[in-house]
Each structure stands twice: as C-alpha cells, then as structure tokens.
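From first to last, the protein sequence lines are chains A and B.
Each residue of the first sequence is one higher than the last, beginning at 1 in my numbering.
Each residue of the second sequence is one higher than the last, beginning at 267 in my numbering.
The hints are simulated quantities; they were obtained by calculation from the structure and are not laboratory data.
Please note: incorrect hints may appear among the correct ones.
Stated by the list, open to error - Mimicking DMTMM-like on lysine to aspartate or glutamate, the simulated pairs with C-alpha atoms at most 25 Å apart in a straight line are: (1) K355(B) / E8(A); (2) K275(B) / D330(B); (3) K311(B) / E8(A).
To be verified - Under 10 Å between C-beta atoms, here's a sample of chain A residues computed to sit facing chain B: (4) M4; (5) G7; (6) A15; (7) W21; (8) R24; (9) S88; (10) E89; (11) S92; (12) G93; (13) L97; (14) L99; (15) V104; (16) G263.
As the list claims (entries may be wrong) - Pairwise CB distance ranges, derived in the manner of DEER restraints: (17) R302(B) / L247(A): 27 to 35 Å; (18) L272(B) / V35(A): 52 to 60 Å; (19) L160(A) / R373(B): 38 to 46 Å; (20) A184(A) / R529(B): 52 to 60 Å; (21) L247(A) / L272(B): 43 to 51 Å; (22) A184(A) / H372(B): 25 to 33 Å; (23) D411(B) / G10(A): 38 to 46 Å.
All C-beta atoms in this analysis are idealised placements derived from N, C-alpha and C, irrespective of residue type, glycine included.
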Amino acid sequence: MRGMAIGELGRAAGAEWTKLWSVRSTWWCLAGAVVLTALSALTVGGARATEALRAGGAATFPASEPVVTAAVFAQFALVALAMLAITSEYSSGGIRLTLQAVPVRGRMLAAKALVVAPVAFAAGVLSGGAAVAVVYAVLSGDLFGGLVTLPPAEIAADLLGVGALFALVSVVAIGAGAALRSAAGTLTAVFMLLMGLPLMLAMTGAPVALEAALRTPLPAWLALMGSTDEKIGAPLYPAGEGLAWLLAWTAAAVAAGHAVLRGRDA
Amino acid sequence: MDDLSLDVKPGAVTGFLGPNGAGKSTTMRMILGLDRPTAGTALIKGVPYHEIRRPLRTVGALLDARAVHPGRSCRAHLLALARSNGIAKSRVEEVLETVGLAEAAHRRAGALSLGMSQRLGIAGALLGDPEVVMFDEPVNGLDPDGVRWVRHLMRSLADQGRTVFVSSHLMSEMQLTADHLVVIGRGRLIMDAPLAEVIARSSLTAVVVRSPHAGDFSARLASAGIRAERSGENELVATGAAIERVGDLAYEAGIRLHGLSTRQASLEQAYAELTADSTEYGARREGARNGDR
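Please model the entire structure based on the sequences and the hints provided.
Structural data, given as structure tokens:
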C-alpha cells in the first residue's frame, strides 16, 4: 500500500516535471532570477565597498555577502515560477484535467512541491554562484580596494542558504496558490508575508510586535544565515530557531492550500 | 442537482440531454470527483473516482476543450497526462494520429482553433485506452467533417464494448449517435430510456390516416380509446396506437383507407415536449442560443 502510494506520487511528480519545463514562463522566471540576483548583488556589493573605502577601513567581505541580500529581491522570481505552476492551471481550467489524472488532491499538491522545490534550490545555488562571480569580477579590482574575498566555506554556506530560501518560498507560493487560486492574489499574499508583514509589525514599535516581526519568514531566514542585528551586533537569534520558523511558515502555507483544495470544488 | 439516479451501461452511446443549466456538466464533474455532491455518491465500476489507481486508464473525459495551458504544446500536454498515469509514451503519438493532430503536435494549445482543441481534448480522453468515455459537448466548434468523425468515433468506442456517456444540446446529432438517452431538467431526471422509446412516446409520433370517411373513423377510434384529430377533410392523426392497430380497426369497421402511414417525431420535438416545464432560461430568453457550459 505504502509502496504503491509512493509510485503514484512519483508518476504525479513526473507529470509536473513535464508540465514545468513545457511552458516559457518557467524559463523566463529562471532567467529573471539569475539577472536579478547578479544585478542586485552588484549594487549592494558596490555600495558596501564604496562605504568601506570612504570610511578609510580595509574591512574585507566575502563576495557572497551581497548575494545574500540580493536573494531577498531575487526570490520573487521563484515565487512567480512556483505560483504559476498552480495558478496557471486555475486560470486555464487545466486543474480539472490535472485532478482527473491525479484525483488525490494532497498528492497533486505534494507532486508540485516536490518538483518545484529542488528546481528552486538549484536556481538559488546557481544564480547565487553566478552573482558571486560577477561581484568578484567587478569589485575585487583596485578601484574598490580589493575588499572582496572568496573564502570557499563561507561562500558555499551562503549559496546553500540562498538555495534553501528559494526552495522554501517556492513551496510557500505553491501552498498560497492552492489556497487562493488567482495569480494576483497569490503574489500579493506572498509579498505581504515576506516583505509587508515584518515591516508593518516593526512600524508599530511595540516590543512584542518587534519580536513577532523577527519570526516572519524573511527575518527567520536572515537569522538562519547568521545575520547580525545592527544595534546589538550579535545574531538575531540562533540559526536553528530561524530554520524552525522558516519551516513552520512553509508548512502552514501548504496546510492552508491543502485545506482549501480538499474543501472546495475544483 | 436534486436526487438524480442513473446507471450508464457499457456497449452503448448514452446521450445526456437537458436545457442549459440543467446540471449536465455538474453531473459529469461529480462523477469525476471534481465537485462534491451534498449527498450521495458517483461510482465508476462500483468505486469512487478518487480510489481508482490510474484513473485515466479507466475513465477518459473531455469536459472543456479550452482548459489547457495555452503555452504548452499538444504533445507536451499529452505527455504530462501520460506520465501521471504510467501510460506509455508511444500512446501519445498514437492518439495524436487518431484525432488527426499529428501534424500539429508541436503547436501551442492556445494557437489551436476550437475544433482542434476539441480534438486535443478527445485525444486526452482516449490516452489511457479507457473503458468509460465521457464527453461534454464534444462537437462544439467542429466542422461538419469533424462532427461526422466524432459520431463515428463514439459509435466505434461503444461497439468495442466501452461505456460512452456524452452530453449535447444538438438534438439532431444525438438522434444520429445515441442508443440510450438520459434527459434531465433543473437537476432532476426526466427520462432514462432507449432513444427509440423516447421518440415513440412523443405525442408527435403518430399514425396518419387518409380516408374519405375520416369523420366516422375518428369516432370509431375514440370509442377504442385512441386519440384522433382531424387534420384535414380526408385526413386524421391518431396518437398512442401502433399503425397495425389503427389499420385493423379500419378493416373491422369497414372503412376505406386511402393512406396509412406513421409520422415519426424528431428527437428535437420529443425533447421539447419533455423539457417544456423545466427550461430554466428558455421562457425569459426565448431564442437566445447559448452554448452549454
């Protein structure tokens, strides 16, 4: 019974794989991720280097550091890719055929997540890697004081972190897409969760809200990446806790999507 | 849908008729587990749809031909369907050939005409070589050649022993294709009978009698409990009796006949009588012809 269910899931994932690569939007989103990561990393890195030079310091930084910041912007290319994997089926009506082929709704959702998450992870590592190369090529020259370094272990960790962010936000987008069905609604909801919510909470100024803001997905990821709080100069909170929050948000989005999928007519 | 019970048999084409909004598409979606009935079940070979292991191999359905990602090629669309149910890749080329889309396999679904979309939808339904085939308005948008092709296809699928369940609002087409009819109106079952019976039961199916003694014969028929109406000086129309019985009565009464023939109601006429009370939008929007969705 169990082996059979896994076989069914494998077939459903195979179909999703074929579907993912047979539409142009996937390629556009991936190209967008690469360009967006490289360009924003270059901007962030350039600003960082200029600032360091102006301060007269010789504090070096790894080429992957601006890439981590850049990923905060570039992640939306993957949000779009993942979202389209499900919302385009609702807009075209193809979801009915998908559910005719894979009538167990949780299995359909799992198949989409299983295909999109690794693709997003790879996209994060690869576009992050490309951005590191671009940042190093441009900023390691004398003009910027040769402040940018290439420490292998740190760069590897940062790239894996970017991959993890892309993978998890893409799964969040799939869950939200299943719950909301429309592309505009899904994109707005995910954007608000990632960017709007922590900002709004922080704006209230209340200590509780501030603490809560730090537990929303993006700050949680920054905690996972070991980002430091500018005021206290120490990590926001332990990396493990960041990962736990990130996973909890992802699980919540998938659970919401699954609940709507099961409850509503297709 | 309200308390609809029906049983669709293999080896025949069952036409599913009803006015717009009667619930034809909803019924099909319920059978496929896409919409959930508030009460009751839809079973295929005794099992709910979602419990079928590789459902496309048991049930092939075309609900909405346009419901395909417009940017995906015909081949990729079918390939994804095939993979989901463990259907051999070679089947994709086969069904593309069957529906006449082999040349257009690389074309994006959004660039197809409605008729070609219908063919792609039918290809998807046939992909798993299913025992049960359901088509919702399959001839919408097809040219006369395409219509004939769908008719022959449904016939041959039924002749192979498959269950063919097809909805349509084209009565003339159904009259040519269906063996059995299920008629619903406002979500209720109006008729579930063989095509021949539906037509025979219509008041417009009648025996036309030409006789110089039409008046006398009309009275004679009435006394035998057969409704007869004068339709001309020497002609009357008898309903509710077989032609043999009308002829025998004339012979017994010694009435000279100049003509005795049957008049068959068309399915369109029979259907109009059946659904006269249940056309949801008919009365208010007379003449409006909307495709059923």
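**Message:** Hint compliance check: list the failing hint numbers for this structure, sorted ascending.
**Reply:** Per hint list: zero violations.
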